[in-house]
Amino acid sequence: MSKLSDDAINITRREFIKRSVAAGSAVAGTGGISYLLYDRTGPVTGPDGKKANFPDFTVPAIPGKYMSVVRGAGRDACLRKAIELLGGMDRFISRGDRVIIKPNIAFASSPSLGATSHPDIVTGIARMCYAAGAESVSIMDNPINDPAGCYLLSGIEDAAAQIKAKLIYPGENLFEKLTLEGGRLIRNWPVFSKPLMGATKLIGTAPVKNHHRSGASMSMKNWYGLLGGRRNIFHQNIHLIITELAMMFKPTLVVLDGFDVMMQNGPTGGSLSDLMQKNTIIASTDQVAADSFGAGLLGMTVRDLPYLSMAEKAGAGTTDYASLKPVKIEV
Amino acid sequence: MIRDHSIKRETIIGAFILAALALVAVAILLRQAHYNLSEYGLGNKEKIVRGKTAGSEKARGNTFDTATLVPAGFRVYTDAEIYDSVTLYEKIDGKAPLYLSSGFRELVTRRYMHTVQKELWIEIFLYDMGSFNNAFSVYSQQKRADGVSRPDVQYCYTTENSEVMALGTYYIEINGSRGGAVIQKAAAEISLKIRDTLGTARSINVLDYLKCAELVPQSEIYYLNDAFGMEGFSRVYSAKFLVDGVRTTVFISGPYDYNTRQAVIKSYTGFLVNEGAVAEKIKSSVKDITLLNFDGSYETIFHAGDFVAGVHEADMKNRAIKVSEILYNTVRKNSGGE
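Heads up: the sequence lines are chains A and B, in that order.
Okay, so the first sequence: first residue is 4 according to our numbering, each after it adds one.
Okay, so the second sequence: first residue is 618 according to our numbering, each after it adds one.
One should not assume that every hint holds.
[Claimed, not checked] DSS-like cross-link-like pairs, simulated, lysine-lysine; straight-line CA separation at most 30 angstroms:
hint, chain 1, residue 1, chain 2, residue 2
1, B, K625, A, K281
2, B, K802, A, K281
3, A, K169, B, K735
4, A, K21, A, K84
5, A, K167, B, K802
6, A, K281, B, K857
7, B, K625, A, K21
[To be verified] Cβ-Cβ distance ranges computed for the label pairs, FRET-style:
hint, chain 1, residue 1, chain 2, residue 2, range
8, A, A325, B, R864, 30 to 40 angstroms
9, A, E184, B, Y875, 51 to 61 angstroms
10, B, K934, A, P58, 52 to 62 angstroms
[Claimed, not checked] To list a few chain B residues with every Cβ distance to chain A over 10 angstroms, as calculated:
hint, residue
11, I629
12, F633
13, G747
14, V781
15, A798
16, E806
17, R852
18, A894
19, N951
Please keep in mind that the hints were generated in silico from the structure rather than gathered at the bench.
Note that the structure is a prediction, hence the values are computed from the model and not measured.
Glycine is no exception: its CB is placed at the ideal position from the N, C-alpha and C atoms.
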């Protein structure tokens, strides 16, 4: 007979009960503690949370220089002209500024498919910022797909290396749970915020795209890429979340890329047939105005995109872009 | 003596196991308290594999081993990515609801890169939609107007950089990073391999009821839900009829019994009237036709055999009536009602 069998035989009833009770208590205790500590909800909206007090990145207004629309053959030339018409990058960027560029790099997609910000726009903006005296230029996004894949396949990684801009990956330590004052959705919600707190200027740039859920994805929808957590739940209330994002971020400038406009099957597209060449760059200090103009590139009106009027009511800008007397030229 | 040794050993082993469990518990607690927000709740993050051949998902019981779909001159570029109804948004974000409302089961994607020209790569999207009708629904709703239909495959078209089809229970997109002959040739090769696996496309019987000289080929769309943006208007087949040089949208839904057809017609007209449409009296050979003027465009709806049929957004009243009559006669003829 084995030693184990000897032990089993020698155990007393009292000992057996004692051990069974001890083992049972251990299991019950572990289960109980796990039950008490289990976080069923994860990061969800709630009443508590640090206030979303992002810096106001805007610069003083100059009458007649709120918005420019440039049409032409090349992205870079149109971009430069659009910025020049607003007073040049010197107006927006001062010596020593730490600039954040927020492109739309949501998908691990080729730049030619129009689902992400074109590298030429990002490099163009970054170069102008450096030329204006920026101390640093960083690029940040929290993509839908894997960040490494998105940064690589969209061409943004190569672009950043080329212009010596810093690529900021959405590491967990860079998020904070924030609550937007007056917001209904952004409450105690993780936001990719920390790099913005150290920045002095914020430039948003996005391609003009059709969007199955919101109708269109442009400058305002682009801020969705700064949310963390299970943000897809906001698709149920897409117009409100876009409005709240526009309330939360007051950018220095937005640049809307309407060169190869995704007219259908957005936001991902996939076929070159989804794109239509419109060869247009819009630069504006008013993100609502820029998107209201961009709606026209998609064959839509302000009425077709409820978030535009909602953002206007919230004070994020004007849908009446014509009132800003945008400068429109062809190059 | 033997028992004392055993108890001591058991105690040591027990203490060791408890310590290990305590460590695991602490690790879980720490992890839970510090979410990796970029990954929280995300199950299938894609992994870019630079220059490495990735594994196979065949073991998961999928129809395709995507590693075998690699076309000549290309190599496997990234791992296969598999998404279910919970994680689909991680891949296609805002477009996920279209698939989720159409019976989506699983998406498998994978990229292949040209062995010489690194900027040339192809990504395949294999959406298992659960049935051919579901697959056809998402295929038809996203069809690119300038897509060129393949003569040898029923529901398949090509564009400058992609090949798209509905086959079996799958909706399939093969998208190149850019256009050109190399991508097109490779996409065609992948497409052929997929068709060899899935067989020939099935047709949808209801669409046969629309067959007539006026039917614009490849214009059919199947809406599982909320056709034309009208909540509750489900399982609707639409197509274009070319009449007097103008393309007009027609639709049918059914077959239904009389009471169901009446309910559908009542709901449809009620929706439009609530939105501001005004009913107009007309003379037509179509029995019990309802015509509504909706902000200058015209809608009709009527019984056609066992179907509810109608015209959507006709540009003129007379055209709405004429196309309705053609549709009415077509459906009745094709269903043996005439």
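Tested hints:
1. B:K625 to A:K281: Cα-Cα ~81 angstroms, so violated.
2. B:K802 to A:K281: OK: K802 (chain B) and K281 (chain A) at ~29 angstroms, within 30 angstroms.
3. A:K169 to B:K735: Holds, at roughly 24 angstroms.
4. A:K21 to A:K84: Distance ~84 angstroms between K21 (chain A) and K84 (chain A) Cα, so the pair is violated.
5. A:K167 to B:K802: It is violated: about 38 angstroms lies between the C-alpha atoms, which goes past 30 angstroms.
6. A:K281 to B:K857: Within the cut-off at roughly 28 angstroms; holds.
7. B:K625 to A:K21: 17 angstroms, holds
8. A:A325 to B:R864: 30 to 40 angstroms: About 34 angstroms separates the Cβ atoms of A325 (chain A) and R864 (chain B), which means 30 to 40 angstroms holds.
9. A:E184 to B:Y875: 51 to 61 angstroms: 58 angstroms, holds
10. B:K934 to A:P58: 52 to 62 angstroms: 59 angstroms, holds
11. I629: For I629 (chain B), whose nearest Cβ neighbour in chain A is about 15 angstroms away, the distance exceeds 10 angstroms, so it holds.
12. F633: The claim holds: F633 (chain B) sits with its nearest Cβ about 14 angstroms from chain A, beyond 10 angstroms.
13. G747: 20 angstroms, holds
14. V781: 7 angstroms, violated
15. A798: The claim holds: A798 (chain B) sits with its nearest Cβ about 14 angstroms from chain A, beyond 10 angstroms.
16. E806: For E806 (chain B), whose nearest Cβ neighbour in chain A is about 18 angstroms away, the distance exceeds 10 angstroms, so it holds.
17. R852: Non-interface label stands for R852 (chain B): nearest chain A Cβ at 20 angstroms, farther than 10 angstroms.
18. A894: 18 angstroms, holds
19. N951: 31 angstroms, holds
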